[in-house]
Amino acid sequence: MEYKLGEFEEIVLLLVAVQFKEAYGLSITKAIEEELERSVTLSSVHTALYRLEEKGFVKSEIGGATSERGGRRKRLFTITATGLKALEASREVRNQLWNMIPKTAMG
Amino acid sequence: MEKRNNIHPPKLADRFFEWYCRNELQESIQGDLHEEFYSEVESRGLFKARLKYCLNVIRFINRHTLRRKPSETYYHLTSISMLKNYILVTLRSLKKNLVFSSINISGLAIGLASCIIIFFYVHKELNFDDFHLKQDRIYRVTNSYERASGTIHWARTPPALAPAIRTSISGVERVTQLRHADDHTYSVGENIFTEENVFYADSSYLEIFDFKMVSGDKSTALDAPNSIVITEEMAGKYFGSVSPLGKSILFDNSLNLQVTGVIEEVPTNSHIEFDFLISFSTYVVPDGYLADLNSWNWAGFWTYLEIAPNAEPEAIRNSISKLYDRDERATNLSINIEVQPLKDIYLESGKYSSIGGSIRVGSKPTIYILIVISGLVLLLAGFNFTNLSTAISLNRGKEIGVRKVLGAIRGKVATQFIIESIIFTLVSLFLAVLIVWLSRPYFISEIGIEMPGDFYGYLKFFPLFFLVTIVIGLLAGAYPAFILSGYRPVQALKGSLKTSSSGKWLTKSLTVFQFVVSIGLITLSIIIVAQMSYIKDRSLGFDKENVVKVRIPRDYMENQFDVMKAALLQNPRILHVSKTSHGFDGGSGSGSARIIGEDSEEGRQLAYYQAGYDFLKVMDIQLLEGRFFSEDFASDEETALVLNESSVKDLGLTNPIGTEIRFNNRDRTVIGVVKDFNYASLHSEIAPMGIVMPFAVPDLVVIKVAPGPIGELITSVQNTWNELDLNSPFNIAFLDDTIQKMYEKEEKLSRLITLFSILTVLLGCLGLYGLVSFSIQAKLKEVGIRKTHGASINQILYLLTRQFLGLILVANLISWPLTYFFANEWLNNFSYRIGIEWWMFAVSGILLLTIAMLTISNQAIKTALLNPITILRTD
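Protein chains in written order, with the working numbering: chain A, 1 to 107; chain B, 1 to 875.
By construction, these hints were calculated from the structure, which means they are not laboratory data.
Beta carbons are placed, not taken as given, at the ideal position from N, Cα and C, and that holds for glycine.
Each hint should be verified, as a subset may be incorrect.
[Unchecked claim] Derived pair list, reagent style EDC-like, types lysine to aspartate or glutamate, alpha-carbon separation capped at 20 Å:
#1 A:Lys30 to B:Glu42
#2 B:Lys52 to A:Glu37
#3 B:Lys52 to A:Glu68
#4 A:Lys21 to B:Glu27
#5 B:Lys48 to A:Glu68
#6 B:Lys544 to B:Glu744
#7 A:Lys59 to B:Glu24
#8 B:Lys52 to A:Glu34
#9 B:Lys617 to B:Asp736
#10 B:Lys11 to A:Glu68
#11 B:Lys549 to B:Asp614
#12 B:Lys617 to B:Asp555
#13 B:Lys52 to A:Glu33
#14 B:Lys675 to B:Glu645
#15 A:Lys30 to B:Glu40
#16 B:Lys544 to B:Glu747
#17 B:Lys48 to A:Glu33
#18 B:Lys748 to B:Asp736
#19 A:Lys59 to B:Glu545
#20 B:Lys565 to B:Asp555
[Unchecked claim] Partner residues aside, some chain A positions facing chain B, computed with beta carbon under 10 Å:
#21 Lys21
#22 Gly25
#23 Tyr50
#24 Arg69
#25 Gly70
#26 Thr78
In isolation and in its complexed conformation, chain A is listed as follows (with noise of 0.2 Å):
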C-alpha cells in the first residue's frame, strides 16, 4: 500500500499523534510556530486536517468546549491506525536513505 503525504501534511499529522487527543486545528498551528519557528496559518492547518481525514489518516470528533471559543466546540483530531502506518512508511524511506549516505560523506 502507498501512503502519499506531502511534508507539511507529515508534520501536522505528526502533531496529531504528539497532542493524543487533544488536537485540533489552533493548538497545532500553535505547536507548529512554537516547536518548529515557522510561521502558518490557520485555514492551511485546517486544509491539512481535512485533507488528512479524507485520506483516512485521521478522525475528528466534537468535543470540548471553552469559554474563550464563546462556549463553540472544538473538532478534536485522533490519528488512525493508517495515519500511524503512513507514519511509519514515511520514516522507514528516510531510513532507508539515511543508511545509504556513504560514511565518507559524513565526514
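Starting from the known structure of chain A, arrange chain B on it as the hints suggest.
Using the frame of chain A, we list chain B on its own:
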C-alpha cells in the same frame, strides 16, 4: 467579563463566515478563530488581531468549507424521471379522491370561465373605436354650460362650427359633421322599410374614420347631393344579390338617392352605429326650424376633428373657443368647449344630457364593477382551490413521510404539491375554455357579451390566460406545499396530519374573505335588481303602459292626421291619439332659448319635443300650472311653449306663465308647466326641456289604449292603417318595450351580476366544504373521546359548527361597509336611485348563513354519527 464585551472579533467578518461556511464545520472553525483572536489581542493588540481575523476568514474560503447547494446532493428538479413521478403521483391522488378533486377542479374552472367571459366583455368596452387607424388624432368637439343647477354637458355642437374650424384653425387636418336623420322610410320598388340608424355625413367622415369600403370611392362618395352610402347588410336587404352601386333608393317616397358606395358592416365596437350615410349636401333644414346651417346656437350636430400629428389638442381647443367669442356669435357667452379624444367618447358618454340617437354609450362604473367582480371571483376560486387542495392533501401523510425518509428534502416535497397544483389548474383552464365555448350562445343572446366565434379569437389571448392560470397554480399550491412539507417524517408517517394553529389562522382568513365577497355580491345583486325595477316602474313621470307608437309617413301626417285620428278613435278601446316628434327613446330636439327683455345675452340650450294636442293625456304627464295646447287657442300652434319643472328652475322663473321666451328663433309665451318626465335615460338628470306644437312635421303617432288583449288591438290599428292605404311599412311599437330597450344594458348587467353572485355563493360553499372537512378531520379524536364520555349528538354538532358561525358573523361585519360603499358609488350614477336599506344586507346574510349551515351540517352530522371506536382505533 466586562472586557469581553468590548473586545470581540469583527462582526461583519463573522457574519460573512457564517454565510459561506458549511454548517458542519462552522462551529469548530469559528471556535478556533475566536480562540486565536483573543490570544492575538493580548500579544499584538486589538487592531492587528482584528486584521488577522478578517484575513483568516477570507483564507478559509476553500472547497472544504464552502456550502454545497442542497440539490447537488440529491437530485435535480429538471430530472425527467422525477417529473414523471410527480405527474404519476398527481394522477394517483386524483383517482383516489376523485369526487373531491373534481369538485376542486370544476370550481376553479367555473371561476376561470367567468373571468374569461368578463374579460372579453371588458376588453371590448375598453377598446371601442380602436379600428380607426388615426384613432389617436381624432377628437370630438363638445360643449358644456355652467348653470346654477350644475354643469350641463352637450355632445352636439352648432352647424356653423365645422366650416369655421375648417377655414380658420391650423393644426386641424380634417373636420366633419354629422346630423342624425331621424326615422324615415326608404324604398326600392315594392320593398319599403323604416330605418333609424341613418346619418348625414360628408366625405371627410369616411376619410377620418376607417370604415372599410367594399365598393365606391371613399374620398368622393359623399360629395354630391342625393348620394347615399349603404352597408353590406342593407345592400342585401334592399337589392338582394344585385350590385347596388349606381342604383337608387327612394327616400320618404319623394327623393331619389343614388348609391355611391357600399361599406362593410360597422364594427360593433364603433360608438356611431349606422346603416346608411347620406351626403351632407343633401341635408335640408326642415321647414319651420327657422334656422340654417350658419347657426351658432343650434346644437344639433356632432363635430369630429382629425388633428395634425404634432398638433396640441389644448391649443386647438383654445382657438375653437375663440370662434365662439366673436361678437356676432355672442349668444353663447358661457359655453365651454371641450375636445374629447376618440377613445374617451364611448366610455365617458354618461355625463352628456343629450347624446342623440344611434350613438352607443358605455359606462365606466359598470366596467369597474365588472373588473372588481371578476377579480373577486378569481381570488375566490383561487382561495377555494387552496383550501380544498390542502384538505385533500391532509390524507397524504404517509406519502410525505415515505418521501422524506427516502431522502427528499423539504423543497422536493413542496415541489410535488406545486406541480400537482399547476397540473390541476391547467386542467381547469382547459375546462374553463370549454365552458366558455359551450355557454357562448347564452352570453351572446342573454347578456350581450360578444365572444370570439373562431379559434384564433381565443388563441390570441391564450398566453395571458395561461400565465394567469400558472400564477394561480403557483400561489394556490404554495400554501399546502409549505404546510405539508414541513411535517417531520415520524409525524407524517403516523398517517393523519394535524393542522398547526398558524395554518388554521390562514385558512380561516381565506374563508372569511370568501364570505365577505359572497355576502357583498349577493347584496350587490339585490341592490342592482331593486334599482332596475325602480327605474322601470317608477318615476318616469309618464305612464309607459298601454301606449302604442305608430310611425307614419310625414307627408301623410301633414295632410291626413286628423282623418287617421278620427278613424282610430272609432275603436272604443282607443282612448286618446296624439302626435310627437320623439318617442321617449333617448332622442330629443334642441334649440336655444332666451327670456325676452332680459339683459342677459346668455343662450341656453333647451331640449324640446314637438307634440300635438292631447299629448299629456296620452302620456299621463302631470300638468302643474297653466294649461296644455288646446284647439280653442288658435295661436298655440305658433307661439305656445310648455316648460318642464327643470327648465323653469334653469331659467330662474318664479312666475313662469305668460313669460315671453325667444326659443328656436321664434317668440313664444309660456302657457303651462309640466312635471319633469324622463324623455332621455334615467342615468342622466332630466335636462331642461320644453314642448311646442309641431313646426316641422313629426312622424310618430302615439295612442293611449284601454287595457285588454293586445293582439286584437294591433289588428284593429292595422285595419285602420290598411284602409288609409299608406305607402309605408306598418310600424307599431309598445312604449314599455321601448323603455325596456333603453335599459337593456342595465338589465343584462343585473342578470350577469346575479349569475356571478350565485356562482360566488357556490364557490364559497365549496370552499366552506373543504374547510369543514379540514377542521373536522383535525377534531375527529376529540369527537370520539367526547362521545365515549357520553356527549350527545347535538353537543357534538354544536362543537363542530360554532366556529363557522363566528366566521360568517365576522364576514358579515366586514362586508357591510364595503358593500355599502360600492353600491353607493354605483347608485350615484343614476339621477334617480333607491336608498340602501338594512333588509338588503339582512337577506343576503341570512341566505348565506342558511346555505353555509346546510353545507356544514352535511359533514358535521356524518361525523357526529360515527362510531367512536372507528375513530379512536386508528391510533
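Taking the hints in turn, this is what the structure says about them:
For the hint pairing Lys30 (chain A) with Glu42 (chain B), the CA-to-CA distance comes to about 15 Å; that is within 20 Å, so the pair holds. Only pairs whose Cα atoms come within 20 Å are accepted, and Lys52 (chain B) paired with Glu37 (chain A) is accepted, the gap being roughly 19 Å. Taken as a hint, the Lys52 (chain B) and Glu68 (chain A) pair is honoured in the structure, with Cα atoms around 17 Å apart against an allowance of 20 Å. For the hint linking Lys21 (chain A) to Glu27 (chain B), the alpha-carbon distance of about 19 Å falls within 20 Å, and the restraint holds.
Of the supplied pair hints, the one linking Lys48 (chain B) and Glu68 (chain A) holds, its CA atoms being roughly 18 Å apart against a limit of 20 Å. Between Lys544 (chain B) and Glu744 (chain B), the direct Cα distance comes to roughly 16 Å. Compliance with the 20 Å bound is thereby established for this hinted pair. About 14 Å separates the Cα atoms of Lys59 (chain A) and Glu24 (chain B), which keeps this hinted pair within 20 Å; it holds. A C-alpha spacing of about 18 Å is found between Lys52 (chain B) and Glu34 (chain A), which places the hinted pair at or below 20 Å, so the restraint holds.
Distance check on the hinted pair: Lys617 (chain B) and Asp736 (chain B) sit about 17 Å apart at the alpha-carbon level, within 20 Å; holds. At roughly 16 Å between alpha-carbon atoms, Lys11 (chain B) and Glu68 (chain A) fall within 20 Å of each other, so this suggested pair holds. Restraint check: the Cα-Cα separation between Lys549 (chain B) and Asp614 (chain B) comes to about 14 Å, which is no more than 20 Å; the hinted pair holds. For the proposed pair Lys617 (chain B) and Asp555 (chain B), the alpha carbon gap of about 25 Å is over 20 Å, so the pair is violated.
Distance restraint check for Lys52 (chain B) and Glu33 (chain A): the Cα-Cα separation of roughly 16 Å lies within the 20 Å cut-off, and the hinted pair is therefore satisfied. For the hint pairing Lys675 (chain B) with Glu645 (chain B), the CA-to-CA distance comes to about 6 Å; that is within 20 Å, so the pair holds. Note on Lys30 (chain A) and Glu40 (chain B): the hinted pairing holds, with a Cα-Cα distance of about 12 Å set against a maximum of 20 Å. For the hint linking Lys544 (chain B) to Glu747 (chain B), the alpha-carbon distance of about 17 Å falls within 20 Å, and the restraint holds.
The suggested pairing of Lys48 (chain B) with Glu33 (chain A) holds, with an alpha-carbon distance near 18 Å, which does not exceed 20 Å. About 17 Å separates the Cα atoms of Lys748 (chain B) and Asp736 (chain B), which keeps this hinted pair within 20 Å; it holds. This hinted pair does not check out: Lys59 (chain A) and Glu545 (chain B) have alpha carbons roughly 102 Å apart, beyond 20 Å. Proximity of Lys565 (chain B) to Asp555 (chain B) is assessed by CA-CA distance (about 15 Å); at most 20 Å being required, the pair is judged to hold.
Annotation: interface hint on Lys21 (chain A) violated; nearest CB of chain B at approximately 15 Å, more than 10 Å. Interface restraint check for Gly25 (chain A): the shortest CB-CB distance to chain B comes to about 4 Å, inside 10 Å, so the restraint holds. Because the beta carbon of Tyr50 (chain A) sits about 4 Å from the nearest beta carbon in chain B, less than 10 Å, this interface hint is met. At about 4 Å, the closest approach between the beta carbon of Arg69 (chain A) and any beta carbon in chain B falls short of 10 Å, and the interface hint on this residue holds.
With its C-beta approaching chain B no nearer than about 5 Å, Gly70 (chain A) sits inside the 10 Å limit, and its interface hint holds. Violation of the interface hint for Thr78 (chain A) is found here, the shortest Cβ-Cβ separation to chain B being roughly 14 Å, above the 10 Å cut-off.
The structure fails hints 12, 19, 21 and 26 (numbered hints given earlier, in ascending order).
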